[in-house]
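Please model the entire structure based on the sequences and the hints provided.
Protein chains: 2
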Amino acid sequence: MYKIALLQLNLDGNRQTNMTKAKEYITEASKNGANVICLPELYEAFYFCQRENPDYFDFAEPQDDLSFTEFSKLAKKLNSVIIVPFFEKRDRGVYHNSAYMIDADGSKAGIYRKMHIPDDPCYYEKFYFNPGDLGFKAFDNKYGRQGILICWDQWFPEAARLTAMQGAEVLFYPTAIGWHPYEKGEEGDRQHEAWITVQRGHAVANGIYVASVNRVGFENHEQNNEGIQFWGSSFIAGPQGEIISQASDNKEEIIYADIDLQRLENVRRNWPFFRDRRTDFYGGLTEKWGRG
Amino acid sequence: MYKIALLQLNLDGNRQTNMTKAKEYITEASKNGANVICLPELYEAFYFCQRENPDYFDFAEPQDDLSFTEFSKLAKKLNSVIIVPFFEKRDRGVYHNSAYMIDADGSKAGIYRKMHIPDDPCYYEKFYFNPGDLGFKAFDNKYGRQGILICWDQWFPEAARLTAMQGAEVLFYPTAIGWHPYEKGEEGDRQHEAWITVQRGHAVANGIYVASVNRVGFENHEQNNEGIQFWGSSFIAGPQGEIISQASDNKEEIIYADIDLQRLENVRRNWPFFRDRRTDFYGGLTEKWGRG
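From first to last, the protein sequence lines stand for chains A and B. So for the first sequence, our numbering puts the first residue at 1; every next one is plus one. So for the second sequence, our numbering puts the first residue at 1; every next one is plus one.
Just so you know, these hints were derived from the structure itself, not from any lab. Remember, it's a predicted structure, so these values are computed and weren't measured experimentally. Fair warning: there could be bad hints in the mix.
Intra- or inter-copy, both count: the list cannot distinguish identical chains.
[As the list claims (entries may be wrong)] Derived lysine to aspartate or glutamate pairs resembling DMTMM-like cross-links, with alpha carbons at most 20 Å apart:
(1) 137 <-> 55
(2) 288 <-> 186
(3) 126 <-> 276
(4) 184 <-> 120
Here it is in structure tokens:
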């Protein structure tokens with residue numbers, strides 16, 4: 001049994017204040033007993049992918065730069081695992097949407113690079129990020145074994161399944177998702193509900209905890225588009241898809257849950273889906289489409 | 001645009017009365033404008049898999065026997081597509097849990113054999129059924145193109161994905177699922193909610209309609225076990241997982257929904273998940289497990 005915490009934050013264009021805020025919230029979560037603490041996607045800045053602007057590559061940093069060293073020190077000090085999603089500069093013109101898992105001793109437990117990259121109005125991520133090449137992973141740390149997936153990954157059952165099959169106990173989904181103001185009225189509830197439902201579905205299908213942490217608040221950083229109302233609503237679901245904890249849609253906050261490995265064991269004994277997968281007929285999943 | 005109907009029925013040990021009831025409900029659904037009508041799993045009998053009893057193989061029939069010929073005549077008469085799940089005797093000792101799709105002209109549009117076979121207390125299907133060998137399919141008929149999956153298949157995202165990739169507009173799930181009376185109090189709500197959630201998740205992840213039709217009522221046909229309280233709750237979800245129609249948990253009834261191909265088109269344009277699948281990293285899905 002260990003405790004996880006999700007930090008639902010509002011973030012702006014100032015790397016220094018974002019880092020300071022992140023550290024304060026991590027420290028609070030740790031004081032409240034959290035063993036594994038996760039930040040939202042791309043914590044270091046506003047959600048710059050609302051625009052295609054080459055200047056925003058300045059937010060990126062190489063591996064082992066400040067987003068590692070600063071949180072490594074903090075992880076060690078607090079004896080907590082910290083998941084830090086960041087904008088990775090791998091080389092000139094080669095960028096990823098990545099996340100560290102930093103172990104409680106400050107060492108790097110692993111790194112994940114976002115595999116599924118969206119490109120929708122105001123989510124122009126294909127401009128910024130090279131799709132990940134490290135595959136679907138789970139990492140051991142002091143408290144357990146968890147996987148990291150990032151935002152758009154959450155719509156893909158394949159990602160959840162493959163990460164669960166790596167022995168993850170929890171799927172963490174650092175996220176940046178919200179409403180376009182112009183469609184919130186008509187589409188908002190259905191979009192929001194679909195986002196929660198598909199992830200609860202991953203929890204059920206894989207008998208696994210799902211922990212999804214979103215940013216919150218309105219962002220319109222160039223004042224020349226309509227902006228995004230990030231919908232918060234960070235949540236943690238148990239291995240039958242039941243909601244254990246859920247945040248508001250309008251303020252910064254921390255939510256917590258206990259990860260109960262005995263419950264995981266019980267659920268998988270009673271709903272033994274992994275016994276019956278028809279792997280002899282799943283080859284078509286590596287195709288783009290099933291016909292034509 | 002076409003209309004589908006799900007027949008939520010209570011079934012007993014008498015093949016003749018079950019068939020008569022099925023025909024009456026199909027006729028009513030057709031009169032109410034349904035173009036594609038689906039019966040629950042193994043419509044011809046009580047849910048005999050509660051016990052392992054070799055006598056129950058008597059419920060099986062070869063292909064093109066009564067469950068085809070009778071409903072073929074009815075399909076032609078009503079100008080409706082009918083999905084008929086039945087206990088298939090392929091040869092001596094070779095049985096499947098199958099379903100016909102019968103086209104509106106009475107011809108066979110296709111047959112599906114249940115791919116994932118459960119074996120849980122009171123659901124002893126591995127005793128009766130050879131796992132299907134026809135793969136995941138969708139079939140064209142007069143009104144559109146739909147896939148059939150059966151009950152336990154509904155917990156497997158791979159089955160939904162592969163059937164969607166065959167161009168299905170709707171996933172039909174004939175089902176027989178319920179509560180063990182001894183655990184309904186403690187586990188009932190969570191089981192029931194998980195069942196709906198995982199299927200709504202398939203609708204979201206695949207931008208597809210999902211139509212799940214369950215039997216209803218208490219069955220304890222040998223009076224020597226605790227029986228199953230089939231939970232009804234048949235439902236139809238739209239391509240963002242929204243519930244369009246849902247039946248009660250305690251009575252026979254028909255539910256309907258319009259299948260709107262323009263809406264399918266719109267959802268897939270706005271949530272283009274099939275654009276971004278990382279098929280280059282999905283090979284592990286054909287493995288039993290990801291490590292060890």
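Consistency of the hints with the structure:
Taking CA atoms no more than 20 Å apart as the test, residue 137 paired with residue 55 passes in neither setting, with 31 Å inside one copy and 48 Å between copies. Taking CA atoms no more than 20 Å apart as the test, residue 288 paired with residue 186 passes in neither setting, with 32 Å inside one copy and 43 Å between copies. In this assembly of identical chains, the alpha carbons of residue 126 and residue 276 lie at most 20 Å apart only when taken from different copies (11 Å versus 37 Å within one copy). Taking the shortest alpha-carbon separations for residue 184 and residue 120, only the intra-copy value of 16 Å comes in at or below 20 Å, while the best inter-copy value is 44 Å.
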